[in-house]
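Construct all of the structure, not just a fragment, from the sequences and the given hints.
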Amino acid sequence: MFDLEQRIAEWRRQMQAAGIQPPARLDELEGHLRDDVQLQMKSGMDQERALEHAAAMIGRAEPLRAEFDRATHASGLRMMVRVLALLWLAGCLVSFTTVCREMFLSSGGFRATPFLLFNVIAQFIYLAGVLGGVLLFLGARSGTYVLRTVALLFVIACAAQVFDSGLGFGWRMWCIAVGGFSLFTIYFLHKFLAATPKLRPPRKAYV
Amino acid sequence: MIRKELVAASAEPLILSLLARGESYGYAIIQEVKARSGGKLQWTDGMLYPVLHRMEQRGLIKARWGESETGRKRKYYSLKKDGKNAMKKHHEQWTMVHAVLSGLKKEQYV
Chain A
18 MFDLEQRIAE WRRQMQAAGI QPPARLDELE GHLRDDVQLQ MKSGMDQERA LEHAAAMIGR
78 AEPLRAEFDR ATHASGLRMM VRVLALLWLA GCLVSFTTVC REMFLSSGGF RATPFLLFNV
138 IAQFIYLAGV LGGVLLFLGA RSGTYVLRTV ALLFVIACAA QVFDSGLGFG WRMWCIAVGG
198 FSLFTIYFLH KFLAATPKLR PPRKAYV
Chain B
624 MIRKELVAAS AEPLILSLLA RGESYGYAII QEVKARSGGK LQWTDGMLYP VLHRMEQRGL
684 IKARWGESET GRKRKYYSLK KDGKNAMKKH HEQWTMVHAV LSGLKKEQYV
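Chains A and B supply the protein sequences, listed in that same order. Taking the numbering used here, the leading residue of the first sequence gets 18, the next gets one more, and so forth. Taking the numbering used here, the leading residue of the second sequence gets 624, the next gets one more, and so forth.
Derived from the structure by calculation, the hints contain no laboratory data. Treat the hints loosely; a few may be bogus.
Heads up, simulated PhoX-like pairs for lysine-lysine below, C-alpha to C-alpha not over 25 Å straight-line [unchecked claim]:
1. B:Lys707 x B:Lys685
2. B:Lys729 x B:Lys657
3. B:Lys663 x A:Lys59
4. B:Lys728 x B:Lys696
5. B:Lys698 x A:Lys59
6. B:Lys627 x B:Lys657
7. B:Lys728 x B:Lys627
8. A:Lys59 x B:Lys711
9. B:Lys657 x B:Lys696
10. B:Lys698 x B:Lys657
11. A:Lys59 x B:Lys685
12. B:Lys685 x B:Lys698
Predicted model, so just to flag it, every value in this text is computed and none were measured.
Encoded structure:
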């Protein structure tokens, strides 16, 4: 004797065994299955065939789980990108204000020191980092390009300082940490762009 | 039957446009699309849910649990402000593609 409830419970167990989680997601799929069974039965199918039809329409569990995994992975990546954007935003903002304070508010006021050009260039990079952080936090893809460029400049600057024998051990360690974080940012944003492709119109129209 | 690449590409604009008419749930969305396309636009039913999940994560739609007519739990989806903006963009882009195709077809056959 065909027992619809038992077969639906079996179907649900199969979905769960394939890795479809959490229970709320299974509830939603089960609701869909039941809606379809009901509709098929109204159109004259018997319970068994209606359930077979509904289950076939929902599809196999493995590809479905893979698709859910992809969706979850993408949202996890987006969350991480936001955190990364905030870290860059905060770091560059703090660095920008610190250098500004040193340039203008240190004892004796503003002076043209040998480091002035270096400081001005660094300020532009920090500002670009702030801009990139804001853009990325707001979800604009342009933020990834700005931040990757800034991170690359950080890697170069940090590498130069690590090999400068005149600098202390602590400062070198700090440069290694910042350079490593910048390399991670470049790698991670590259992965993020690859995982969330977006069709863009060509920059130039070839007519 | 419509090619699966086109079916996949049209999923988001169709879902957004259907939800713009009011809140709905997965099964009803699929039935509506089937009916409107005369059965030519067919999704693997289960694959709708990862799409809905992704759109929810991106803040285009929101979901709430409610009750069906039979008293069962059912998840209802509705459009958010970002979803409305995304829908407008989709409409512009699809209209543009349609206009280009129509223009080319006219030139070829008139």
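Results of checking the hints against the structure:
no., hint, verdict
1, B:Lys707 x B:Lys685, "12 Å, holds"
2, B:Lys729 x B:Lys657, "29 Å, violated"
3, B:Lys663 x A:Lys59, "22 Å, holds"
4, B:Lys728 x B:Lys696, "48 Å, violated"
5, B:Lys698 x A:Lys59, "23 Å, holds"
6, B:Lys627 x B:Lys657, "14 Å, holds"
7, B:Lys728 x B:Lys627, "23 Å, holds"
8, A:Lys59 x B:Lys711, "38 Å, violated"
9, B:Lys657 x B:Lys696, "24 Å, holds"
10, B:Lys698 x B:Lys657, "20 Å, holds"
11, A:Lys59 x B:Lys685, "31 Å, violated"
12, B:Lys685 x B:Lys698, "10 Å, holds"
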